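Q: For chain Y, the structure is supplied; the task is to place chain A on it using the hints.
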Amino acid sequence: MSSELRYTANTQLEHLHARYTGTGHADLTKYEWLTHQHRDTLASIVGHPTLTSYLAIADNESIGRVKFEMTERMLQPCGPPPPKDED
Amino acid sequence: MSEDTPRLVDSFTAPKEVLQEFADLAEEENVDPFAETASKRQIASRQSDYHNRRFNRVAVDSADAFKQAEDGMDVDAVGGYKEAMRLQRLEKEEQRVRRAIEDKERQAREEGQEKMDLDKTPPRAEIREAAEELAAMAAAAKRKRRWDIEELAEDEQKMKVDSIGGGEWSKEALEDAAPKKRRSRWDATPADVPVGETPKRSRWDQTPAAAPDAPPVPILMNAPGFMTEDKHNRYLTDEELDAILPTAGYSVVTPPPGYAPMIHPRKLMATPVTDLGGFQIKESSDAAAVAAAAGLVPELPTEIPGVGNLAFFKPEDAQYFAKILKEEDETELSVDEMKERKIMRLLLKIKNGTPPVRKTALRQITDKAREFGAGPLFDKILPLLMERTLEDQERHLLVKVIDRVLYKLDDLVRPYVHKILVVIEPLLIDEDYYARVEGREIISNLSKAAGLAHMISTMRPDIDHADEYVRNTTARAFSVVASALGIPSLLPFLKAVCRSKKSWQARHTGIRIVQQIAIMMGCAVLPHLRNLVDCVAHGLQDEQQKVRTMTALALAALAEAAAPYGIESFDNVLKPLWLGIRLHRGKGLAAFLKAIGFIIPLMDPEYASYYTKEVTVILIREFQTSDEEMKKIVLKVVKQCAATEGVTPHYIKQDILPDFFKSFWVRRMALDRRNYKQVVETTVELAQKAGVSEIVGRVVNELKDEAEPYRKMVMETITKVVSSLGASDIDERLEVRLVDGIIYAFQEQTTEDQVMLDGFGTVVNALGIRVKPYLTQIVSTILWRLNNKSAKVRQQAADLTSRLAVVIKQCGEDQLLSKLGLVLFEQLGEEYPDTLGSIIAAEGAIANVVGMTQMNPPVKDLLPRMTPILRNRHEKVQEASINLIGRIADRGAEFVPAREWMRICFELLDLLKAHKKAIRRAAVNSFGYIAKSLGPQDVLQVLLTNLRVQERQSRVCSTVAIAIVAETCGPFTCIPAILNEYRTAELNVRTGCLKALSFVFEYVGPQSAYYADSVVTMLEDALTDRDLVHRQTASTIVKHLALGVAGLGCEDSMLHLMNLVWPNCFETSPHVIGAVMEAIEAMRVTLGPGVLLSYVLQGLFHPARKVREVYWRVYNSLYLGAADALVPFYPDVGELSEGQNVYDRYPLQVFI
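Protein chains in written order, with my numbering: chain Y, 5 to 91; chain A, 825 to 1976.
Same shape as in the complex, but just chain Y (with noise of 0.2 Å):
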């Protein structure tokens, strides 16, 4: 019973979290987290219209613009992926 278990209700429930975008695991580093969470962030602003509007205020640009300028920020927000550690 519990071996059953252990092979399928947890795995499964992983192999279900690794499905989503934004998800992570145990070897995930911190650029990898961080850029998930700068995406999750800017599709916040853009998701929520007081937030962007907020936004649009303080920077003194139109709505339209803010939503843009958040939605294109979301490739490669902190920058290109730093270089592998040799090993």
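Source of the hints: derived by calculation from the structure; they are not laboratory data. Keep in mind that a hint or two might mislead.
With a straight-line Cα cutoff of 25 Å, these simulated DSS-like cross-link-like pairs (lysine-lysine) come out [to be verified]:
id	chain 1	residue 1	chain 2	residue 2
1	A	Lys1370	Y	Lys88
2	A	Lys928	A	Lys1370
3	A	Lys1272	A	Lys916
4	A	Lys1700	A	Lys1741
5	A	Lys1204	A	Lys1272
6	A	Lys916	Y	Lys34
Since the model is a prediction, treat every value here as computed from it, not as a measurement.
A: Okay, now just chain A, sitting in the frame of chain Y:
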């Protein structure tokens, strides 16, 4: 030799029985108790001869046209398409010649037989001739080996007949025994053919080596007959003969003097069939020799060097895995040999290993597939799949290997496509659904890997193969290819094949492919329907009968798949189909009718009516057919026609019904199960158009027919018609006849089954208030039958009562109901449990309709009578009585004294042990009802005490019952008692209390906010307990509690509980960790994701992987639950920025 003549014996020996006993003993010692079941598991021994024709197939290498064209080599030189076609033609020619010879022989035989048949008493000369022939045969029989004993049996039989028949018998006996008619071909040949020559050599006799035109690389998948015992051709033993022949009036005649049987029969049976001249693979004998040399045959190894322990090892495996069974010096082997051994080891692990071993081996073989190469892999896998003693499990695993390997090898499989197909195609006609699915999967993957062109060139030769089996499986494989690669890509090829001028077999197969495509793909054929129909259309006028039949079947399949669309695609075939039914007879007609039956429902109403009229003439003519298949098809077509919109009720009443009833509503139809069903279905369909009174009026008199099966058929039809259409159409006269007939049929039944009962119930319920005049009669029937001697009859009467109770109440016959109730009450002493169950159910039904106050017998008498019955262990009784008691507790608890209810509470505890869930649920609910009327204290005490019992199921049910009591009477009545009980030192009680609490909080939901603080101390204790289960159950409580109080201002106590739950996140036991994770998830809802994130952040980048893994799991479920809400809570990590990577989230730092 007669018994009384003294025998001269020169030596004495032990009595025969004693010798027999010793022989039996010796046999018993090495008897294999698994032998019988093993043969049942073997696929080959289970399947029909047709299925086993797969062993006849010869696979060839299919050249990879693409690869070799690249290399600039001659493709055909290596055994390509041309070669395959040549071989196929050769085989066909061989078959043709063989058939010609057979025909000639048969003709000759028939001529001889005609002479015999025409003349009743044959002239003396011919009798003598026949006698001589017989004698010759008897002599010839000695030359043969397999069939001689049967002949001997026949001779013996004849002698027996002769011995009692005397002189005047002999002539007829001779005629009877004259082998002209019954003789099989096997018997016939040796008599009139010179010795030493066998003109008809079956495929079995041919060895690939002997065949002059053997393909360049023939793989004979298996030696037929190897290691199998031929069940059909074995000898009849003396015991069997004794069982067949009557004992009285016969005597066993001793064999004529000078007759000596060649070998003792038992010895013959023991020798493997391989001796009998079938062929075998050379290699296999080598392998067997090797295995024998290694000393492996007698005791089968479970441990193989380099493989480890296996789950099992069969003697047949030894021949395939001989090379790895013995220790070898690995350094002497070449790379290829090493590879071969490696593959064999992996395969053996997969086929015979335990699940974990199998799993790793399967992964290895998949990963290394390209490294091993297609050749070495398939050379090992495919012969294994053709092994005769293959079992389902092994086949499944090997097919799985092929599937995985295919995926990796991709286009490298091309040279092996045909070989794989030969092995996999049989799966497509397997009787096991999953085998068929597996086969489809493989072939579809294969066609994706090899490409359409290659698949076509590989399978093309098999399309007009001489063997029907090969064509059949090929057609199915092609349909799989079509579904994998799309119908459009295969269409040009299909068109060409269906129009093939060369052979009718090709056309036949082409059309069959279309049929299979339709069957397999269903409505997905719609976009290509016109093309597919056009492909096969001309087949309706083909000169070959079989092609015409197949075309009609293909059209039927297409129409069935396309329903209810696509009639316009069938325009071209309508005329030939409808003309065809006038031209054909027999099987062809049946196929045409089938096609028409499927096409008519697609038509517009006016066309449907026209075409139905056209076909009806033929249908009515075929009503009289004696052919069972035809009958079924005719019935089906009538059903389909009747269901279409365009066919008017008038037409059905006028033209179809009279003949239909004349030919199908006869007693004979009721005898065959399948006919019976078809007739009932069709009649019900006709009733939808013709109306209830028309149909019921025609059959109602048959309810009094003397044949019971027929009465049943009538009853079933009436039931179905009335239940779907109601009884409002039935006029008064018919109503009288119907009720009369039903009562008669119900009373006269001898076999007790549902049909009559259902019929009675349905009709009476449909008539409703109209049955009032008959009720007295019906009820007196029931009352009379309730006192019948037979328990079954009593049971039926009770069942009928439960069905009629509602209607009796509707008719206002309360008097009758109370009478029935009283009689049933008196019957509660019934001893047959099935009957008792029905009686209680009937009493319950009456109590339901009359209500607790009017119930007669009064509830206060009824309930005490039920208490002892609750002890009955029979499921049906338990369920019926718990339902009745639950109903009383719910509606009329106040009529019964409290003490009685307490008594019932104790009895109910026993019901918590019941196997059936419905009983346990009813019992648990009854606790709730009883507690509601009595007050919770006493019931609760009973339930809490029950937590001390040993049995887990009983405890679990008690906890559920406690929770239900808490729900019905308010949590404040129970929670203090539960908390108090938790202080008991007993483990079971404490766990039970926790569980009960968990259910309580689950049921009461938001109400738990009032009780959250009062249970915190107990939860503190439970969550810090050493016992895992305590913590697990406590976590479940926390989950329900947290979800219940979300948003109700209990955050402080919840945070406290969270701190106690959190350390448990490192548990590994699956149930515990599951419960803990759920509690944490629930906390996310109550405390908010921000708080949770602060817990999680501490361990996401912990140096220990074990910690990180757990924390990331929590993070992931947190993230999936509230990704957006986490944004403001992510820590500010701007200071970690380095180089190009800036981690500040500037948009969040903006403020106005």
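Q: All hints are to be evaluated individually against the structure, with a verdict given for each.
A: Right, here's what the structure says about each hint:
1. A:Lys1370 to Y:Lys88: Between A:Lys1370 and Y:Lys88 the Cα gap is close to 70 Å, so the pair fails against 25 Å, i.e. violated.
2. A:Lys928 to A:Lys1370: holds, 23 Å
3. A:Lys1272 to A:Lys916: violated, 31 Å
4. A:Lys1700 to A:Lys1741: Distance of about 13 Å is within 25 Å: holds.
5. A:Lys1204 to A:Lys1272: With a Cα-Cα distance of about 23 Å, the restraint between A:Lys1204 and A:Lys1272 holds, given a limit of 25 Å.
6. A:Lys916 to Y:Lys34: violated, 71 Å
In summary, the structure is inconsistent with hints 1, 3, 6 from the numbered list given earlier, while agreeing with the others.
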